[in-house]
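Asker: So the protein lines, in turn, are chains W and R. The first sequence begins at 1 in full-length UniProt numbering and counts up one residue at a time. The second sequence begins at 1 in full-length UniProt numbering and counts up one residue at a time.
Hints in this document: simulated from the structure, not taken from any laboratory. Take these hints with a grain of salt, some might be off.
Partial list, computed: chain R residues near chain W (C-beta under 7 Å) [stated by the list, open to error]:
no., residue
1, ALA54
2, LYS67
3, VAL70
4, ASP74
5, LYS75
6, ASP241
7, LEU243
8, ASP245
9, LEU265
10, PRO268
11, GLY309
Here are the simulated lysine-lysine pairs, DSSO-like style, with alpha carbons at most 27 Å apart [as the list claims (entries may be wrong)]:
no., chain 1, residue 1, chain 2, residue 2
12, W, LYS352, W, LYS278
13, R, LYS67, R, LYS89
14, W, LYS54, W, LYS107
15, W, LYS107, W, LYS253
16, R, LYS108, R, LYS174
17, W, LYS253, W, LYS278
18, W, LYS5, R, LYS251
19, R, LYS75, R, LYS89
20, W, LYS107, R, LYS75
21, R, LYS89, R, LYS108
22, W, LYS54, R, LYS108
23, R, LYS115, W, LYS54
The beta carbon of each residue, even a glycine, is placed where N, CA and C say it ideally should be.
Residue-level listing of the chains:
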Amino acid sequence: MGHIKLTNVAKSFGNVDVLHGIDLEIGDGEFVVFVGPSGCGKSTLLRIIAGLEKPTGGELAIDGAVVNNVPAADRGLAMVFQSYALYPHMSVRQNLAFGLENTRMPKPEIRERIAEAARMLEIEPYLDRRPGQLSGGQRQRVAIGRAIVRRPVAFLLDEPLSNLDAELRGSTRAELAALHARLSATMIYVTHDQIEAMTLADRIVVLRAGRIEQVGTPLELYNAPANRFVAGFIGSPHMNFLEGTVETNGPGKTVATLAGGHRLEVPLDNAGIANGAKVTVGVRPHHISIGGEQGLPATIRLVEALGSETVLHADVSGQKVLVVAPGQHDLAPGADVRLSLSAAPLHMFNEKGLRLGHAV
Amino acid sequence: MSRVAAFVFRRKGGKGWHWTDIVTWVWLVGGLFIMFGPAVWLVGSSLKTPAALAEFPPTILPYVTQKVSVEGFDKPFDLYEVTLDDGSKATLAEVRRIGIVSQMVDPKAPGEIIKVNIAQRTPVREMSFATENYTEPFTHFDFFRYLWNSVFVTVVATLITLVVNSMAAFALSKYEFRGRTAAMLVILATLMVPLSVIMVPLYSIVSALGLFNSLWGVILPTVATPTGVFILRQYMLTIPDELVDAARMDKASEWQIYWRIILPLTAPALAVLAIFSVVWRWNDFLWPLIVLSRKELYTLQVGLSIYSGELNVQWHFILAMTVVTMIPVVLVFIFLQRFITTGIAGTGLK
């Protein structure tokens, strides 16, 4: 139950192609997060799975049966909308019951399921209120409750936390993770927030401009991004990119010359790239340390002291570099420092943005 | 009370008078007379006798000349204030008038006839309400039959209008289909075609359908109104599509989406359309007059026209029955004016 397979799914609105041949398999009980910048097609993909949009090409199968022409109501899925989409003229109880009444479920069972969901989500005191009388967090719970009572094959969640304030978002995120563990149902979750993606997902699907850029576990994406886009999208603050050219290219070691003339050794098994080719070296802000004789000469532009760590905005021969240094540092803007990359896992991307080889 | 007074007499100029205060007062008082004056005139006149109505100059309140019975005469006479030749004043009853001379008697001493020039007498007037203007039509005019016809036409036409128009508006606001905008434009374009243009073909259709001389012939041609479709569609456009999506995920049929989700949420716009429809149907005159030729099917508005004959118009009955006919519409406005103002603000329509 809850196995969803997409084969070459495409969608266009008029002349605009929104999705280009999406292939994806989502296992039963998996928590999959679609992440990407706005306009990348992630919500459209979710709506296609839900049955609210028809794909213009490809095939969608749920538990082995092709459902391209099955209406949304009969796919056995439940959706939580970004705006919650609670029926404003019905009480919370009626909101929860509406979907069950439509399946002609006997009244005692409806009552039982609502009671169970209300207990699980702690919304029992509000059952007779209207959505307008609830706070944002309470509405969010009701929206999830409306999905739970249906006992769906899979839950589809469209940016469910984006309307909550930061604190509530954090706690609701934890509750969602707990809920997934308890229900062990398939969940597909759309967000543009990579922290939500990293914390919740079993697997993350990174989308850009209607194409899947990479599918993998959160740490796979973090440690081995397939390309420059994924490398820049996953992780906060985002990865630093330094432009350079390949100087020597040997087994186990590739040397690149950066724009400022500094030489950088990248441990690559097989770069498969010609000498003199333009490349981009990627390094995460957390992996750069301050000091070291061999380091890159840099000028501090801005210091953001967060207490537990310090975010430094530095300038390395015209290229912006972010450094997250643990602890507190007595640095002022304008100070000259050296940045050591010796301990850092380095990534190298070719001109097309593809990541080269494997870091040792 | 003092707070109400403070609100009403509040001025922009504070203690003095700003010129906008003067304009405001002139505008509002003038507006009160223009809007409310005819209604007061109508109610006042409806209580006048036919003679008082024909009087010139007219009076606002219904006055009649006082009558008095005089011993020895069968009929009561009009009572006059008379200035006699010797300069003394007396109250006399007029027996008859010959040219400019009036023959009068003193009601207390009926034996003697006094001749008086008519310029020397003025009638003794008293206020009197001619309630028979209201009571009489209920006996010889089939008021309740007409009232029932009017109520039937208004209620049924309004209900059908609400259902039909909201369905059209639902399709035009929540479904994506080719030609949706074109369909809306065509519907709106019919706003520009007045009844008088389509009267003849409409009559042919109604007649061919066998609806001539039937209240359904009055109801059915009026139920699809472009104004109603427009008001409801504009309102439904403001209902988020995600609610419809959510209902679809909740296994609701299209009918349930319309009936259980969209209609309850459109209630404010429906209320506005209901008010409009009631007023339109209640005040309809021309179309019912064309379709209905049997007297027992007349609506109130058509029924009232039987008082205006070719040679003689019975104004006192027309005025009184007009007041009665106005009452339901006035009540609708009093109780639902809240909806009308918000609805008009919401749709930008009249």
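Asker: Indicate, hint by hint, whether the structure satisfies it.
Answerer: So, going through the hints one by one against the coordinates:
1. ALA54: The hint is violated - R/ALA54 has no Cβ within 7 Å of chain W, the shortest such distance being about 58 Å.
2. LYS67: The hint is violated - R/LYS67 has no Cβ within 7 Å of chain W, the shortest such distance being about 65 Å.
3. VAL70: violated, 75 Å
4. ASP74: Cβ of R/ASP74 sits 73 Å from chain W, so the hint is violated.
5. LYS75: violated, 70 Å
6. ASP241: For R/ASP241, the interface hint is violated, since the closest Cβ of chain W sits about 9 Å away, which is over 7 Å.
7. LEU243: Interface hint status for R/LEU243: holds (5 Å vs cutoff 7 Å).
8. ASP245: With Cβ-Cβ at 5 Å, under 7 Å, it holds.
9. LEU265: Since chain W brings a Cβ to about 6 Å from R/LEU265, closer than 7 Å, the hint holds.
10. PRO268: violated, 12 Å
11. GLY309: Result: violated, 54 Å to nearest chain W Cβ.
12. W/LYS352 x W/LYS278: holds, 10 Å
13. R/LYS67 x R/LYS89: Roughly 18 Å between the alpha carbons, so the hint for R/LYS67 and R/LYS89 holds.
14. W/LYS54 x W/LYS107: violated, 34 Å
15. W/LYS107 x W/LYS253: violated, 70 Å
16. R/LYS108 x R/LYS174: Violated - the C-alpha atoms of R/LYS174 and R/LYS108 are around 85 Å apart, more than 27 Å.
17. W/LYS253 x W/LYS278: With a Cα-Cα distance of about 17 Å, the restraint between W/LYS253 and W/LYS278 holds, given a limit of 27 Å.
18. W/LYS5 x R/LYS251: holds, 23 Å
19. R/LYS75 x R/LYS89: Judged against 27 Å, a Cα distance of about 24 Å means the pair holds.
20. W/LYS107 x R/LYS75: violated, 82 Å
21. R/LYS89 x R/LYS108: holds, 15 Å
22. W/LYS54 x R/LYS108: violated, 102 Å
23. R/LYS115 x W/LYS54: violated, 103 Å
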